[in-house]
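1283 is the number of the first residue of the sequence shown in our numbering; add one for each residue after it.
Since the hints were made in silico from the structure, they are not lab data. Nothing here was measured: the structure is a model prediction, and the numbers come from that model. Hints are not guaranteed to be accurate.
What the hints assert, rightly or not - List time: in silico DSS-like cross-link candidates among lysine-lysine, alpha-carbon distance up to 27 angstroms: (1) 1691 to 1981; (2) 1525 to 1544; (3) 1615 to 1827; (4) 2076 to 1569; (5) 1981 to 1966; (6) 2004 to 1960; (7) 1563 to 2316; (8) 1607 to 1451; (9) 1773 to 1691; (10) 1827 to 2078; (11) 2297 to 2242; (12) 2277 to 2221; (13) 1960 to 1981; (14) 1291 to 1315; (15) 1566 to 2044; (16) 1776 to 1567; (17) 2075 to 1474; (18) 1849 to 1567; (19) 1827 to 1544; (20) 1493 to 1451; (21) 1632 to 1607; (22) 2107 to 2236; (23) 1562 to 1966; (24) 1827 to 1810; (25) 2242 to 2296; (26) 1567 to 2044; (27) 1950 to 1960; (28) 1353 to 1363; (29) 1776 to 1827; (30) 2076 to 1567; (31) 2044 to 2268; (32) 2297 to 1599; (33) 1810 to 1724; (34) 1960 to 2037; (35) 1599 to 1414; (36) 2022 to 1981; (37) 1569 to 2277; (38) 2075 to 2236; (39) 1315 to 1354; (40) 1810 to 2037.
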Amino acid sequence: MIYTKHQNKAINHEGENILVSASAGSGKTGVLKARVLRKLNDGVDIDQLIILTFTEAAAAEMKSRIIDELKKNHMDHQLVKLDNAIISTFDAFTLRLVREYHYLLKLPADIQISDTLLIQMESDIILQEVIKDFYLENTQEFRQLVKLLFSGNDHFLEQGILNLARAFKKIPNYFAFIESYDQHFKPSMLEKAYDEFFAFIHQDLQVIRDKFYDYYQDNYRSYSLDCDLYLDQCLSIYNALAKEEDPQTIMDLLDEFFLPRKPVKPRNTDDWLESFDQGKKLIKKIKEEIQASQLGQDKAYIKTWENTLDRVQVILKMTHQYLLKLRQVQIQKNLYSFDDIMAFAIDLFKNHQDIRQKYQENINEILIDEYQDTNDLQDYLISLIANNNVFMVGDVKQSIYRFRDANPKNFMRILEEYQKMNQGMAINLIENFRSNKYVLEKINDMFLEIMTIDKGGVNYSDNHQLVSGYDDDFGLNQKNDPLHIHYYDPKTIKIKQEDLSKDQIEAHIVAKDILRKMKKRQRIFTGKAYRPIEYSDITILVDRKNAFDTYAKVLGAYQIPVDIYDKTSFIQSEEMIFIHQFLILLNKLRNNDSQAFKQSLYAVARSFVYGIPDQEIIHFLISTKADIQAFLKDQTFDLIKNDLLSLLEFINIKPNVNLIDMIYQKTKIYEKIAYLDKPKNRAKKLEYFRHLIGSQKEKKFEDMIDYLAFIDQRSDLDIEYKESKENIQAIKLMSIHQSKGLQFPVLYMIGLSKKFNFTENKEVFNFSPDYGILTYSNDQGIYRNFLERLFFKKAKAEDSSEKIRLFYVALTRAKEEINLVLEAKEELNLVKTTYNNYLEMLYDAYHLEPTDIIMDIENPEIQVTSDQDYQQKSISYKKFDFTEDIIDQGSYSKAENTFFTDQVKVALNYGQNIHSLLESIDFNHLDQSMDTLPENIRKSMIVLSDSSLFKSLKEPTFYKEYEFIDQESDQLRQGIIDLLIMDIDKVIIIDYKLKNIDDLAYYDQLKGYESYLKKMTDKPIYGYLYSLIDQELKQMI
């Protein structure tokens, strides 16, 4: 293979640490492989190298390539050493280390990675134990913490401990760090933090000034002398704000900020200077933020920090206890995560100099792929064994895994050290061997505009621009029409087809364009020649997956085959629902337990395995007592009954994995899944589940039932499983994250106007490596202090930077053509330091002016086929409740002890349906969550959210259907609050009513709620009734 000059340097340079900064499509992984093979040919033994990747597939591919090369060159002596070579992921490397030196770490020789769900189960138990211990100890500091930050339950304590524990476990030797916490965070750090906070304010002011200057240039000398004078005066004021860096001076200038009045438009003049209102609005927002942080007085920031110290010490102690107890249980039960294994590996090298020295002296080189994806612990581990012999390849512009703790600053730190301080060799690979040169030009045009150190984490103009690695006459470079923007006007389209959502409109546009390409047999370059386009050449990328079903249905209406890359729930797949419910049924039968027996029987009986008609099942459930004994006598269920009874005697006699084998055999589940879609994938899931149960050694049947029940109760958890994909003749629909490392001839991007999910951080406790544990201050009211706000600003900036890098990853997947579907916008408010969505990013970078706007969408001529071949099949499991007995108990409800007529019951049933709809609303993302509501209810909730009450909220936490039990006068009373809002300075109760809100019984109901809440918080409590029909909000308490 012929390599470029820079690739050859990366392959052959020796004698120092090397960082290869390799842009997309530049062959960075191939260079790493070539370097390994070159070293082997030079006489370095394979077991003298450590080769680390981030995926098992990459490690396996690397090992396969090396084996082929060794065989080709008859290097049998190297093949013998291959089994002892380290060619693996970071996780596999550290596990190997810990197993090899387990005796030094006082760990079992067979230590292994445990199922994360088993660890989570133990974690939940320990968490509750710790909180209970502190309630029993009942110190004054703990009581003050709970009283001040009570949010309706112990959720803030649970999340605070877990949040801090996760953060601490990212620190080497975190137990020692916690024990010396006060030595790390002292008042001396505050002045630097204060300056950093105002550096962000200064940056915001510069953006405002720059945008005003654009407005100034567009309008200067366009109207009158008065207008020019006005513009000059405003520019002078904005310039003064933007150039100032001293915090106190900035605050003084903001207090004095006042713009002159814009000249009045003369009579009989059509064209006149428009206002620049965005600047004033943002200045006001900055002033409010400084005021809310209580930074007006000199050195006030010290007081705001000191105010939090008592609460910090309490939560620190609780977190320490939690981690200590968790470690004890992990050692006792041999339950370890990859994070734990990494911590052990670091301890091994830190505390055993001989082992560390062995690796430093005997390893020729440590080679690491995708270094931009390393986290801080991985970076630290490498530093412990490095001996000026580390070879790293990566591209900081493709660092998109912050949610996995990847820290691109590690890459940038090393790059700067090597480039500016000559502490190693930095090599840039900018030649791209993937994409058409015109595609590369369009990508460069965009990221030269928007990717900087502040926005993106890297200066794109600093030797990061993409260059084609091919000559101009190469076949790939012959197509010079790389970027197609499909503009549409949703308002005009909705006039004719009001039921179409934006997602549907964009899917229609893409479908029609795909069919146009297929009809004209668009040419695709294969590397040597051109051929007509196929469906598999086309990929649709989205930022998020929530509209996958919508896209698939629209594309299916055009008979376009779609391969959806969506991670479906493991435990909620049809075959796993059956296995889970069958095990529950087996357990119920074993214990003669008829409670909640009917749900499992219904699920198993109507499943794809037994297929008993619904009518027969329901007849049994409603016409008999329907308990275990009735089930055993009913002939309808003979097949199920015989299978279950044949298994009973083997419970806790045979290992659970053997019991699973018997269930598979008895139910003939492998034969049954053959009639479902994707039977191979389903078979793999069943095998994986069997393997998972087999790995849980010494577990009883009851443990397996508890394990599955735990997953079922926690909607945020699932069994970790990666489903393999097969190449089929269909377009691909996937997220941008899933596209990393792939390439596509034709790329579409849709959903670009959707707002980024910059979820507001509502945690009561956060941790910053720079500033320690952060929480609310409580001085003249509860508020977020400047340290918290600085932490949030940094996190938001990092999130925004990653969004820019994510878009770089998306666009650089395209080989020949990029298609962007964009909402046509005449004007966008871009006076900000971050973007709200990719639409803003594109308009800003390309200075877009929409043309050829799509104004109408015609329905496809070919409708969906009856067999739904092209639709995504989804299977959902619904629980059925056949409760027959209603428990009579006290209740904080107007309906208590009231006799209901049939008419009243109908009304109540309707009200309950409305309440279930309201429970689905996400008040943090109102627009998205109300799309499916009936129009009258949606309008009513918009009125509520626009009310002065909602606008007065500062940092609310919303609880829907908040249920509680209260003891009053020796009587237990139960209540459910429709909407409970916990704000930092007040508590709000809202009870929904269909229409009438004048009944005095409602007042007593709200007073009951208030009585309970007063026992839990000192915050003022306000109670409201809201009429959904009349859209009236009435304060009652």
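What's the verdict on residue 1827 and residue 1544, does the C-alpha distance respect the 27 angstroms limit or exceed it? violated (47 angstroms)
- Is the Cα-Cα distance between residue 1827 and residue 1810 27 angstroms or less? violated (35 angstroms)
(Q) Holds or violated: residue 1691 and residue 1981, Cα atoms, limit 27 angstroms. (A) Distance ~44 angstroms between residue 1691 and residue 1981 Cα, so the pair is violated.
For the pair supplied as a hint, residue 1525 and residue 1544, is the alpha-carbon distance within the 27 angstroms limit? Distance ~24 angstroms between residue 1525 and residue 1544 Cα, so the pair holds.
Item to check | Distance restraint between residue 1773 and residue 1691, which requires alpha-carbon spacing of 27 angstroms or less | outcome: Since the Cα atoms of residue 1773 and residue 1691 sit roughly 43 angstroms apart, the hinted pair is violated (cutoff 27 angstroms).
**Q.** Straight-line alpha-carbon gap residue 1810 to residue 1724, limit 27 angstroms
**A.** With a Cα-Cα distance of about 24 angstroms, the restraint between residue 1810 and residue 1724 holds, given a limit of 27 angstroms.
Hinted pair residue 1607 and residue 1451, Cα distance within 27 angstroms:
holds (14 angstroms)
**Asked** CA of residue 1353 to CA of residue 1363, is that 27 angstroms or under?
**Response** holds (13 angstroms)
Q: Sort out whether residue 2078 lies within 27 angstroms of residue 1827, counting only the CA atoms.
A: holds (22 angstroms)
For the pair supplied as a hint, residue 1315 and residue 1354, confirm whether the alpha-carbon distance does not exceed 27 angstroms. Holds, because 16 angstroms separates the two Cα atoms, which is no more than 27 angstroms.
If you draw a straight line from the CA of residue 1776 to the CA of residue 1827, is it 27 angstroms or shorter?
Distance ~24 angstroms between residue 1776 and residue 1827 Cα, so the pair holds.
Can you confirm whether the C-alpha distance between residue 2277 and residue 2221 stays at or below 27 angstroms? holds (15 angstroms)
Checked against the numbered hints above, the structure violates hints 1, 3, 7, 9, 13, 16, 18, 19, 20, 22, 23, 24, 34, 36, 37 and 40; every other hint is satisfied.
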